[in-house]
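Asks: Here is what each chain is made of, one letter per residue.
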Amino acid sequence: MKVVAKPAGEVFHGEAVQERTVPSGAARASRGPPERTVLIVGRILLVVAILALWQFADERLVPDFVISSPLNVAARLAQDLQRPTIWHDIATTCEEWIMGYALGAVVGIVLGFLLGLNRMVRGIFEPVLSAVNAIPKVALAPLFLIAMGLGPASKVAIAAMMVALLMFYNTLGGILVAPRPLIDVLRVMGARRGTIVRKVLLPFLSTYIIAGLKSSVPLAIVGVIVGEFIGADAGIGFYIRQATSLFDSAGLFSGVVILIVLTLLGNGLVQLLELRLLRWQR
Amino acid sequence: MSETRGVAVGFYGVKKIFTKGRNLLTVLDKLTLQTEENELTCIVGPSGCGKSTLLNLVAGLSPVDAGRVEFRGRPVTAVNTEIGYITQDSNLLPWFTVLENILLPLDIRNVGKTSAQRRSLALEWIAQVGLDGFEHHYPHQLSGGMQKRVSIARTLVYDPDVILMDEPFGPLDAITKMVLQNLLLRLWQERQKTIIYVTHDIAEAITLGDRVVIMTKRPGTVKAVLPVRMARPRDAFSLSETPEYAAIHRQFWELMRSEVIEADESRG
Chain A
1 MKVVAKPAGE VFHGEAVQER TVPSGAARAS RGPPERTVLI VGRILLVVAI LALWQFADER
61 LVPDFVISSP LNVAARLAQD LQRPTIWHDI ATTCEEWIMG YALGAVVGIV LGFLLGLNRM
121 VRGIFEPVLS AVNAIPKVAL APLFLIAMGL GPASKVAIAA MMVALLMFYN TLGGILVAPR
181 PLIDVLRVMG ARRGTIVRKV LLPFLSTYII AGLKSSVPLA IVGVIVGEFI GADAGIGFYI
241 RQATSLFDSA GLFSGVVILI VLTLLGNGLV QLLELRLLRW QR
Chain B
1 MSETRGVAVG FYGVKKIFTK GRNLLTVLDK LTLQTEENEL TCIVGPSGCG KSTLLNLVAG
61 LSPVDAGRVE FRGRPVTAVN TEIGYITQDS NLLPWFTVLE NILLPLDIRN VGKTSAQRRS
121 LALEWIAQVG LDGFEHHYPH QLSGGMQKRV SIARTLVYDP DVILMDEPFG PLDAITKMVL
181 QNLLLRLWQE RQKTIIYVTH DIAEAITLGD RVVIMTKRPG TVKAVLPVRM ARPRDAFSLS
241 ETPEYAAIHR QFWELMRSEV IEADESRG
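Sequences listed follow chains A and B, in order. Using this note's numbering, the first residue of the first sequence is number 1, and each one after it goes up by one. Using this note's numbering, the first residue of the second sequence is number 1, and each one after it goes up by one.
Hints were generated in silico from the structure; no laboratory data involved. Among the clues, some could well be false.
Just so you have them, the derived chain A footprint on chain B, three or more residues with Cβ under 8 Å [unchecked claim]:
1. 74-82
2. 86-98
3. 102-110
Positions of the beta carbon are idealized from the N, C-alpha and C atoms, including for glycine.
Isolated chain A (complex conformation):
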């Protein structure tokens, strides 16, 4: 990924910079197989090795009820996906996840702009927001369940809070380091504040906002699953917790596999957005 200039450390708030391999087809060395082939084969071998080790360890090194095995998990997953209840769980989690993500992103970005564009408002609000941000957000999750009940609303709220804080700090951080000379160039041209926001600030911030949107995908799902662990009547987190209470590790892993697939799908969607919005960087 494009290297994002990081301002003050706190601003980038736990941003997980993901490595992306360079999609260059041309191999540097003329001898041996092309770099890309080695890469792909290597990755497949690694996954196969992990699965083989897991399969081997089952019952031989670790009891089955603790780790299950890839074959058992695959069988369970295939069986589960034929039952309508799992699709209801998937739909519930997705709904909470998407709503929490969207709500959190909007609130965070709007807050970032409000504080970023107004020094006084920033001075008043920032200490409180920093204090809230210092709390491990997961610790607040039970509070949302008490306040909003076992339904989807509490999960949406937990995810939204986590995403909003991340997006807020990314947006604010970007605004605070926005290039003054570019803004001055537009002021001399006669641009109004709205034009400066649209032509300079938003494009400049797109890097920061997209970095935030990327890290928010797994963050929002953490919020939703934590909420479902604490108390829910549907959802993948609920499904995993039920399996756990029955010492059904195959069921637990099959839930985890579903979560991995969902997160990868979410990442893919945000990546498409990034390709569109950050065209000018390439």
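Following the hints, put chain B in place on chain A, whose structure we already have.
Replies: Below, chain B alone, put in the same frame as chain A:
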């Protein structure tokens, strides 16, 4: 082109102080200067003497601490949108293509009636500065000299009467610099805009200017204002070979030398 002269920009007893932590730094002091309409005025001085600050005062991006700055007889109190400002860095918007960057001021100022008119005007200026074929390139895909051309086109396209230029060719290599000086000389010859051009390079000031203002070291004030009696049109490549050039250069350098040397010594 009309030859009516008048005062374009006037500085009257200007003082400017910067605060750096707890230290106060007086950059300009008791500076009085007038620049003429339709003239290319070059301002030279040792580095740190407040040349760039002068332009920011005219642009209204920064207020004076004493005295006043007048633009065509009126005091500058807010951002001055009657000027064009070509800064040291090209300051192009990296997310816009060459064409979009040049369209920007036209859209902001509502120049031309239709977007098609604006587009053709922008394309005309892309051709004027020799960038045909690069309309859809992004700034980072261009060389430093090409970015300068875009930044010149972006300013001239909206036809401001007064243009401020802050060492626009400073970081370029010698050849590119002369090519762009020639481009500027040609454009000036065609339009005779009022230009205030800041540079630290005496040779450049003589090549371009009708009049050269020599500034003292910090706190900057005017040391001398001298006319450059060299015929136009000029050619940046051959001008320096003429005997008049050598004489003027020697005269200007005599005035500059003490400022540069003292500035260097006081810096330790």
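Asks: Each hint: holds or not?
Replies: Going through the hints against the structure:
no. : hint    : result
1   : 74-82   : holds (count 3)
2   : 86-98   : holds (count 7)
3   : 102-110 : holds (count 4)
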